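These protein sequences, in sequence, are chains A and B.
Take any residue in the first sequence, count from 1 to its spot, add 358: that is its number in my numbering.
Take any residue in the second sequence, count from 1 to its spot, add 1: that is its number in my numbering.
It is worth saying that the hints were derived from the structure and are not from the lab.
A couple of the hints might just be wrong.
[Claimed, not checked] Capping the alpha-carbon separation at 20 Å, the derived lysine to aspartate or glutamate pairs in EDC-like fashion look like this:
id, chain 1, residue 1, chain 2, residue 2
1, B, LYS208, B, GLU262
2, B, LYS259, B, GLU147
3, B, LYS197, B, ASP170
4, B, LYS259, B, ASP183
5, A, LYS442, B, ASP198
6, B, LYS4, A, GLU483
7, B, LYS197, B, GLU280
8, B, LYS189, A, GLU483
9, B, LYS189, A, ASP437
10, A, LYS442, B, GLU249
11, B, LYS168, B, GLU291
12, B, LYS300, B, GLU230
13, B, LYS259, B, GLU280
14, B, LYS225, B, GLU214
15, B, LYS203, A, GLU483
16, B, LYS197, A, ASP437
17, A, LYS442, B, ASP152
18, B, LYS168, B, GLU262
19, B, LYS225, A, ASP446
20, B, LYS300, A, GLU483
21, B, LYS208, B, GLU291
22, B, LYS189, B, ASP274
23, A, LYS442, B, ASP146
24, B, LYS178, B, GLU262
25, B, LYS203, B, GLU230
26, B, LYS203, A, ASP475
27, B, LYS178, B, GLU280
28, A, LYS442, B, ASP239
29, B, LYS172, B, GLU262
30, B, LYS225, B, ASP274
31, B, LYS259, A, ASP446
32, B, LYS178, B, ASP68
33, B, LYS203, A, ASP446
For clarity, every value in this text was computed on a predicted model and none was experimentally measured.
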Amino acid sequence: MNNIRRAILCISVLALLGSTFVTIASANSDIRYQTSTFNYHGQTWFTASGIYNSYIEYNGAADSSYSINRIGLDMRIYDGTTGKFLRDLPAYGSNTNAIAVLNVGENANWFGPLVRDIYTYFTFEGPYMNWYPSTHDHFVVR
Amino acid sequence: MKKLKILFFVIFIFACIICSYYIIIKPITNTIENNGSEYMGFGFYQKNNNTITPFNNTLYVNNGSFDGYMVIDNHFNHENQYLILAFLDYNAIPFYYNGTVSTIHIVNMSPMGMNHSYFNITNIPNGFHDILFLVFLDPYNHSLDEVYRLDTDYSDMGRWRFNVVFKNDLKPLIQFKNVYTDDNNSNKLNGVLVTKDTFSDKIFLSKNVTPNETLNYFINIGNKRNISENYAIIQLLDYNQIPINYNESNYVYYGSIKSGERSSIPVNIKIPDSNGVHELIIIWTTNPYENIWSLNGTKNNMQLDSIPSARIGLNVIINQNN
Numbered sequence: 359m360n361n362i363r364r365a366i367l368c369i370s371v372l373a374l375l376g377s378t379f380v381t382i383a384s385a386n387s388d389i390r391y392q393t394s395t396f397n398y399h400g401q402t403w404f405t406a407s408g409i410y411n412s413y414i415e416y417n418g419a420a421d422s423s424y425s426i427n428r429i430g431l432d433m434r435i436y437d438g439t440t441g442k443f444l445r446d447l448p449a450y451g452s453n454t455n456a457i458a459v460l461n462v463g464e465n466a467n468w469f470g471p472l473v474r475d476i477y478t479y480f481t482f483e484g485p486y487m488n489w490y491p492s493t494h495d496h497f498v499v500r
Numbered sequence: 002m003k004k005l006k007i008l009f010f011v012i013f014i015f016a017c018i019i020c021s022y023y024i025i026i027k028p029i030t031n032t033i034e035n036n037g038s039e040y041m042g043f044g045f046y047q048k049n050n051n052t053i054t055p056f057n058n059t060l061y062v063n064n065g066s067f068d069g070y071m072v073i074d075n076h077f078n079h080e081n082q083y084l085i086l087a088f089l090d091y092n093a094i095p096f097y098y099n100g101t102v103s104t105i106h107i108v109n110m111s112p113m114g115m116n117h118s119y120f121n122i123t124n125i126p127n128g129f130h131d132i133l134f135l136v137f138l139d140p141y142n143h144s145l146d147e148v149y150r151l152d153t154d155y156s157d158m159g160r161w162r163f164n165v166v167f168k169n170d171l172k173p174l175i176q177f178k179n180v181y182t183d184d185n186n187s188n189k190l191n192g193v194l195v196t197k198d199t200f201s202d203k204i205f206l207s208k209n210v211t212p213n214e215t216l217n218y219f220i221n222i223g224n225k226r227n228i229s230e231n232y233a234i235i236q237l238l239d240y241n242q243i244p245i246n247y248n249e250s251n252y253v254y255y256g257s258i259k260s261g262e263r264s265s266i267p268v269n270i271k272i273p274d275s276n277g278v279h280e281l282i283i284i285w286t287t288n289p290y291e292n293i294w295s296l297n298g299t300k301n302n303m304q305l306d307s308i309p310s311a312r313i314g315l316n317v318i319i320n321q322n323n
């Protein structure tokens, strides 16, 4: 009974994780990154997150060749109408995850224009390889 | 009875998942804007007797040459072209790669392909050196579309820096200049931004130009971190290194910037005399000549990176009337 419960819990957690992250798995890496928006307390928030599964196994053995030492995350925001640079937002990164959260709601007056282009740059640094996903999100705040 | 309990438990768990989705996740998740699946990878390793090891230390080379294997990961669902450059102390150098010696190497890669190739750099002078490899994705895309140009900012370039020591570990004596600066507290820049005007926020992406004209612009460097930082800047025109100012002989600009400052460095180039779009890229390297590895093999946690500006498309139009 306990084993079944554990298995079901495990599947549930994975299902939840799967619904939030899109896995980009190659033969050699398990890099996940995503940007999204959500509403909270009437404000629109933008998040960027990168995670790395450091427990990859191939052929039954952990393969440290493809581990990640650090995930870097930077954001650059432009005025989506004029193309004018607005600001850079360097974010915290660690060896397994990086996350940045930014208020992009209409009440975020410090942010200025209502049309925004947010560029997110990830750097997944490993001992042998670096990977460089990047994303571009376009917002029109209503 | 036991099976019934299990069935109820399974139903309960799935009910919990559905409830948690509607109660916790759905109300706060508006849209998932971006969950891309394509990217490039760039890496290095050394191989001895079929044993592969990473380069995870300062490299003490014996005969003035440095070699190993370079990996490019084209994690895209389509073919791509890559262009590779190597720099010794921030000056572009020829190197052996995939059977040829050249300053510029081109690699064509298949969808989801990985390329492992042997490289070799020779004639390394005595002393402590930075060796920097850069790889550019899709280098000859000459689209002048603004969205494409902005997408290249900070992107589409892999990099890898090594500390290499030959005979002695004397570092180059560099004067890092702290000029053209503004310590305005409202500095929002933390990196490199190329603009047509000094201290401007309008990014320079493309321009119609005439052959042999002198083009003036500004390389803006911002530091929002809480420590001062040294940096090196190089300029590439069509992936050939060019001087910082066209009538001078300096190919590298060494600068220093304090926390909260922004520098706006005036530079210029002479426009080539051949028709078509030419690619101008500025590379900003933080903390050059710092030790990447400590003696006990741990990596320096300083910012040690090389970041590309947006690729600036210089559209040379030859006036037919001339």
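Cross-check of the supplied hints:
For the proposed pair LYS208/B and GLU262/B, the alpha carbon gap of about 28 Å is over 20 Å, so the pair is violated. At roughly 32 Å between alpha-carbon atoms, LYS259/B and GLU147/B are farther apart than 20 Å, so this suggested pair is violated. For the suggested pair LYS197/B and ASP170/B, the alpha carbons sit about 40 Å apart, so the restraint of at most 20 Å is broken. Between LYS259/B and ASP183/B the alpha-carbon distance is near 10 Å, which keeps this suggested pair within the 20 Å criterion.
In summary, the hint linking LYS442/A to ASP198/B is supported, as the alpha carbons are separated by about 13 Å, within the 20 Å threshold. Distance hint between LYS4/B and GLU483/A is unfulfilled; the C-alpha atoms sit about 48 Å from each other, more than 20 Å. Between the alpha carbons of LYS197/B and GLU280/B the distance comes to roughly 16 Å, so the proposed pair stays at or under 20 Å and holds. Taking the CA atoms of LYS189/B and GLU483/A, the gap is near 26 Å; set against the 20 Å cutoff, the hint is violated.
Note on LYS189/B and ASP437/A: the hinted pairing holds, with a Cα-Cα distance of about 13 Å set against a maximum of 20 Å. With a C-alpha separation of about 31 Å, the suggested pairing of LYS442/A with GLU249/B is violated against the 20 Å cut-off. Restraint check: the Cα-Cα separation between LYS168/B and GLU291/B comes to about 18 Å, which is no more than 20 Å; the hinted pair holds. At most 20 Å may separate the alpha-carbon atoms for a hinted pair to count; LYS300/B and GLU230/B meet this at roughly 18 Å.
For a cut-off of 20 Å, the pair hint linking LYS259/B to GLU280/B is broken: about 31 Å separates their Cα positions. Using a Cα cut-off of 20 Å, the hinted pair LYS225/B and GLU214/B is violated, with the two alpha carbons roughly 35 Å apart. A hinted pair counts as satisfied when its Cα atoms are at most 20 Å apart, and LYS203/B with GLU483/A does not qualify at roughly 31 Å. Restraint check: the Cα-Cα separation between LYS197/B and ASP437/A comes to about 17 Å, which is no more than 20 Å; the hinted pair holds.
Distance restraint check for LYS442/A and ASP152/B: the Cα-Cα separation of roughly 14 Å lies within the 20 Å cut-off, and the hinted pair is therefore satisfied. Our distance criterion of 20 Å between C-alpha atoms is broken by LYS168/B and GLU262/B, whose separation comes to about 38 Å. Between LYS225/B and ASP446/A the alpha-carbon distance is near 9 Å, which keeps this suggested pair within the 20 Å criterion. Our distance criterion of 20 Å between C-alpha atoms is met by LYS300/B and GLU483/A, whose separation comes to about 11 Å.
A threshold of 20 Å between alpha carbons decides the hint, and for LYS208/B with GLU291/B the separation of about 37 Å lies outside it, so the pair is violated. Pair hint LYS189/B plus ASP274/B does not hold up; C-alpha atoms about 37 Å apart against a cutoff of 20 Å. Proximity of LYS442/A to ASP146/B is assessed by CA-CA distance (about 16 Å); at most 20 Å being required, the pair is judged to hold. Of the supplied pair hints, the one linking LYS178/B and GLU262/B holds, its CA atoms being roughly 13 Å apart against a limit of 20 Å.
About 24 Å separates the Cα atoms of LYS203/B and GLU230/B, which puts this hinted pair outside 20 Å; it is violated. Proximity of LYS203/B to ASP475/A is assessed by CA-CA distance (about 14 Å); at most 20 Å being required, the pair is judged to hold. Of the pairs offered as hints, the one joining LYS178/B and GLU280/B is violated, with about 27 Å between alpha carbons and a cut-off of 20 Å exceeded. A distance of roughly 26 Å separates the Cα atoms of LYS442/A and ASP239/B; the hinted pair therefore is violated under the 20 Å criterion.
For the proposed pair LYS172/B and GLU262/B, the alpha carbon gap of about 27 Å is over 20 Å, so the pair is violated. At roughly 39 Å between alpha-carbon atoms, LYS225/B and ASP274/B are farther apart than 20 Å, so this suggested pair is violated. Among the hinted pairs, LYS259/B with ASP446/A is consistent with the structure: their alpha-carbon atoms are about 17 Å apart, no more than 20 Å. A C-alpha spacing of about 33 Å is found between LYS178/B and ASP68/B, which places the hinted pair above 20 Å, so the restraint is violated.
A C-alpha spacing of about 14 Å is found between LYS203/B and ASP446/A, which places the hinted pair at or below 20 Å, so the restraint holds.
Hint check: violations occur at hints 1, 2, 3, 6, 8, 10, 13, 14, 15, 18, 21, 22, 25, 27, 28, 29, 30 and 32; the rest are consistent with the structure.
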